[in-house]
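2 protein chains.
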Amino acid sequence: MLESVIRELLIKVVGGKWFKDDPESLVSYSYDATPLYQAMPDGVIFPESTQQVSDIVKICSKHRIPVITRGAGSNLCGGTIPLQGGLVVVMTRMNKLLEIDSDNLTATFQTGLNTKQFHLAVERTGLFYPPDPSSMIICTMGGNIALGAGGLRGLKYGTTKDYVLGLEAVLPDGSILRTGGKLVKDAAGYDLTRLLVGSGGTLAILTEATVKLIPKPSYRKAMVAVYDDLHAAARTVSNIIAHHIFPCTLEFMDQPTLQVVEDFAKIGLPVHAKAMLAIEQDGNADDVERDLKQLEEICLASGAVQLNIAKTPEEGAKVMEARRSALAALSRLRPTTILEDATVPRSKIADMVLEVQRIAQKYDVQICTFGHAGDGNLHPTAMTDARDPEEIHRVEQAFAEIFEVAIAMGGTITGEHGVGIVKAPYLEWKVGEAGIKMMKSIKDAIDPHQIMNPGKLFAETRKRIIYQDRTEAVGRTTTQDEEIQTP
Amino acid sequence: MLESVIRELLIKVVGGKWFKDDPESLVSYSYDATPLYQAMPDGVIFPESTQQVSDIVKICSKHRIPVITRGAGSNLCGGTIPLQGGLVVVMTRMNKLLEIDSDNLTATFQTGLNTKQFHLAVERTGLFYPPDPSSMIICTMGGNIALGAGGLRGLKYGTTKDYVLGLEAVLPDGSILRTGGKLVKDAAGYDLTRLLVGSGGTLAILTEATVKLIPKPSYRKAMVAVYDDLHAAARTVSNIIAHHIFPCTLEFMDQPTLQVVEDFAKIGLPVHAKAMLAIEQDGNADDVERDLKQLEEICLASGAVQLNIAKTPEEGAKVMEARRSALAALSRLRPTTILEDATVPRSKIADMVLEVQRIAQKYDVQICTFGHAGDGNLHPTAMTDARDPEEIHRVEQAFAEIFEVAIAMGGTITGEHGVGIVKAPYLEWKVGEAGIKMMKSIKDAIDPHQIMNPGKLFAETRKRIIYQDRTEAVGRTTTQDEEIQTP
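Chains R and F supply the protein sequences, listed in that same order.
Take 1 as the starting number for the first sequence in full-length UniProt numbering and just add one per residue.
Take 1 as the starting number for the second sequence in full-length UniProt numbering and just add one per residue.
No wet-lab data here; the hints were simulated from the structure.
Misleading hints may appear alongside valid ones.
The list treats identical chains as one, so a pair stands whether inside a single copy or across any two.
[Said to hold, decoys possible] No farther apart than 27 Å at their CA atoms in a straight line, the calculated lysine-lysine pairs in the DSS-like style are these:
1) K58 x K20
2) K274 x K318
3) K216 x K156
4) K274 x K12
5) K362 x K58
6) K212 x K20
7) K58 x K318
8) K440 x K362
9) K116 x K12
10) K216 x K20
11) K362 x K20
12) K362 x K437
13) K274 x K96
14) K266 x K20
15) K212 x K266
16) K58 x K440
17) K20 x K440
18) K212 x K156
19) K17 x K212
20) K311 x K266
21) K156 x K58
22) K274 x K156
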């Protein structure tokens with residue numbers, strides 16, 4: 001609980017209605033979409049303006065209260081767990097779309113804006129914002145920016161990182177920073193915009209953003225390629241890139257994923273196939289048709305046993321929606337679903353799929369694999385049970401080996417989900433001692449009192465829920481502290 | 001001069017042949033392509049490996065010797081002037097192209113590699129590296145990365161910033177950092193790659209880089225649109241963007257620039273026109289022809305009085321080469337040529353061109369304007385004489401007002417040249433007090449002893465050559481220290 005004097009100060013900023021520290025509210029903001037992690041905050045606050053955010057941070061800075069910024073909490077890296085207690089700052093009231101500038105092809109908004117709502121508003125003007133994380137119906141643009149979210153269209157269009165042109169942010173001392181602008185080129189000093197993108201709430205609270213838009217493609221067409229050999233599906237991906245074709249979407253699902261997604265979405269997926277690729281291209285009609293024709297040839301030459309071309313855009317959209325539902329569908333199978341985000345150079349995708357299978361067998365755990373094959377970004381997903389510590393241990397060993405293999409292939413521990421708590425123990429594997437040291441020195445310089453989302457990126461201890469499924473655990477949690485062994 | 005014990009240590013690292021501190025060498029590395037600035041280093045060293053760079057930096061760190069990293073020295077921001085003496089580290093021996101990976105569409109090279117040579121090597125494999133600074137015949141990839149270089153193709157393809165996927169860098173303590181990789185997606189911690197891109201040698205020495213390549217466009221076509229009204233040319237740019245066409249190049253030249261470039265290049269430019277746009281599109285032939293047709297219509301509707309479509313790619317290339325020669329051509333006019341880099345949101349390009357004219361008249365200075373109109377990135381260029389302090393003062397006042405106007409329009413003080421010394425006094429105008437403070441805290445954290453390119457970005461004092469043309473000044477410089485007034 002916060003001291004009553006601090007409570008009063010915070011209530012003075014936002015009004016009594018927008019500060020909460022009743023048990024139900026604290027529990028509600030003690031977890032996010034990440035399995036296995038939970039910790040209770042001391043308060044929850046809902047600012048409505050940048051000035052309020054600044055005032056809140058000044059109070060927290062003075063009194064050394066941890067500040068955990070949160071949008072929808074849909075992240076999968078434990079990025080918004082209030083590990084050390086403190087104040088959860090919920091940005092969802094700051095959800096205004098401030099401007100769509102069709103002369104400069106930019107949009108400016110408050111960061112609590114919902115991603116899907118933003119997409120719809122942009123597309124109504126004939127423009128397009130490509131990054132489309134699978135959680136876009138619930139997530140916020142601020143969360144996307146804070147964690148560098150990707151999505152299904154990354155292969156052709158890149159991720160959130162590639163679209164943020166400018167930010168407004170409240171720094172740990174409460175000062176307000178403005179970076180970038182409606183500029184496609186800016187070489188004025190260190191790239192603070194890009195430093196904040198993906199910083200996961202550890203350096204600042206992002207309050208406003210300006211992003212780049214592009215013209216909305218006039219035409220799109222999807223197809224599905226079915227394989228009875230997993231390796232042939234992966235080989236197809238390499239062959240598509242080798243032919244210099246960049247579909248807007250090039251998604252991979254293995255057999256267990258197909259089965260589960262079909263049970264959930266009921267759109268006629270080939271549930272007995274070993275693997276499926278869902279491919280979509282957009283652009284002008286001629287180019288799309290030309291690419292589709294070439295894609296068909298490549299799929300068949302690479303070993304596809306069946307091709308289904310979507311007859312309508314709606315039919316194509318259904319396949320992509322089904323793919324987006326993979327996590328939701330898989331999480332119905334067993335009590336706990338842990339989705340990972342290992343990424344390899346795209347030429348290694350076939351090897352990586354096979355390695356995931358080998359590792360799952362080795363540790364005797366159930367891992368489905370799907371993901372953004374064209375980017376080399378796979379989401380191996382374990383169906384497990386948090387109540388079984390022995391099994392969870394095997395799952396953790398399996399994921400550690402998956403990260404190790406990804407890095408050995410020149411890959412990374414996270415392509416688009418961020419580090420948060422979950423990947424903190426593995427960060428040094430990717431960035432090395434010099435990288436960790438440099439990141440820590442930046443963190444210490446900008447947030448000397450360590451109030452911004454403490455325990456993330458460089459976590460030394462963590463709280464975990466074990467022995468319990470999360471849905472059961474909420475409200476009556478057994479937590480335990482344990483050292484993270486940084487390998 | 002360096003102490004003899006330090007000299008010996010450095011010579012032990014690279015061998016006697018590759019360390020120089022004779023007067024001719026010191027003078028040769030006392031300046032770069034930026035007018036008005038010169039300062040003598042204490043030594044010049046030419047490493048051939050990352051390990052040598054690390055050993056050199058360790059010596060300099062221990063003995064607090066400034067380290068100024070330099071490629072070809074073609075920058076225009078005073079970025080490689082050894083303001084506080086110290087050791088100039090010349091990277092041109094580290095010029096190996098290590099790999100072109102056509103499966104992952106990446107290239108890896110040592111940073112001293114020449115940009116044009118790199119382009120040619122990449123294009124021989126059927127791939128393409130778009131960033132094409134006008135200095136590419138002489139500049140190095142490391143310089144491009146250190147300053148976030150742009151070029152003529154920025155509108156469609158972005159700048160150097162958008163292509164760097166990974167770096168190897170030697171940090172101020174001599175440790176070797178590796179960031180990123182052959183990965184199109186990476187969310188593992190702070191984006192150190194992007195922090196180093198554009199950091200201008202103030203945080204680390206960049207030794208190796210991995211960049212993204214794209215397929216080489218199969219077809220390209222150029223055209224020239226001629227205007228007897230400057231505003232109509234600028235309006236054309238806005239109209240092209242409004243039609244959602246992104247030519248790979250969309251360059252603007254005003255009448256004085258046209259005249260001078262034609263005298264230099266002799267390719268038949270319309271020297272009596274008020275302005276000219278040089279436009280090029282690339283891609284597959286059908287798309288290019290369709291865009292060209294639409295571009296013709298837009299140019300005519302926006303007030304072009306004449307259109308010339310290049311009959312061959314070579315004819316188009318000639319126009320672009322002529323445009324690239326603008327700085328060289330203009331510098332023949334008067335003893336000193338100062339080229340600036342103000343950038344505005346692309347919708348403001350017409351207003352900005354007019355403002356530059358107004359400001360030139362106000363201060364009675366000769367300013368030509370050309371640049372990357374499609375990006376909002378103009379290069380107003382003053383023809384002046386460094387021997388006339390009164391005129392130089394007026395030029396400086398004019399540029400200060402140009403920066404002020406650019407920022408008032410939502411623009412920036414540099415689009416692609418970097419801050420270095422020249423723009424340091426104006427940086428706070430763009431990034432604000434919070435931005436300067438944040439950049440300084442990053443600098444202090446990573447380079448606590450301030451050995452990496454001191455006096456850049458945050459310069460408090462500067463040495464200037466005045467009263468002298470640079471070609472005369474070399475070797476017999478009158479320098480004077482003066483306070484920079486940070487506005």
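### Message
My question is about K266 and K20: at a cut-off of 27 Å on alpha-carbon distance, are they close within one copy, between copies, both, or neither?
### Response
neither (42 Å within a copy, 74 Å between copies)
### Query
When no copy is specified for K17 and K212, does a C-alpha distance of 27 Å or less occur within a copy, between copies, both, or neither?
So K17 and K212 fail the 27 Å test inside a copy (36 Å) and across (50 Å) alike.
### Task
Check K311 against K266 for me: Cα-Cα at most 27 Å, and say if that holds within a copy, between copies, both or neither.
Within. Shortest intra-copy distance 18 Å satisfies the 27 Å Cα cut-off; inter-copy 56 Å does not.
### Task
Could you place K116 and K12 in one of the four classes (within, between, both, neither) given a Cα distance threshold of 27 Å?
Neither, since 33 Å and 61 Å both go past 27 Å.
### Message
Please sort K58 with K20 into within, between, both or neither, judging by C-alpha distance up to 27 Å.
### Response
within (19 Å within a copy, 53 Å between copies)
### Query
At most 27 Å between C-alpha atoms: does K440 with K362 qualify within a copy, between copies, both, or neither?
Answer is neither: 35 Å inside a copy and 50 Å across each miss the 27 Å cutoff.
#### Entry: Copy assignment of K58 with K318, given that the CA separation must stay at most 27 Å
neither (47 Å within a copy, 59 Å between copies)
### Message
Treating 27 Å as the Cα threshold, decide for K274 and K156: within, between, both or neither.
### Response
Answer is within; shortest intra-copy Cα gap is 26 Å, inter-copy 40 Å.
### Query
For K216 vs K156, is the C-alpha pair at or below 27 Å within one copy, between two copies, both, or neither?
Close inside one copy (14 Å) and across copies (16 Å); limit 27 Å.
### Message
Within a copy, between copies, both or neither: which one fits K362 and K58 at a CA-CA cutoff of 27 Å?
### Response
neither (51 Å within a copy, 45 Å between copies)
### Same-copy or cross-copy closeness of K362 to K20 [CA-CA at most 27 Å]
Neither way: K362 and K20 sit 47 Å apart in one copy and 59 Å across, limit 27 Å.
### Within, between, both or neither: K58, K440 at alpha-carbon 27 Å
both (23 Å within a copy, 21 Å between copies)
When held up to the earlier numbered hints, the structure conflicts with 4, 5, 6, 7, 8, 9, 10, 11, 12, 13, 14, 15, 17, 19, 21 and fits the remainder.
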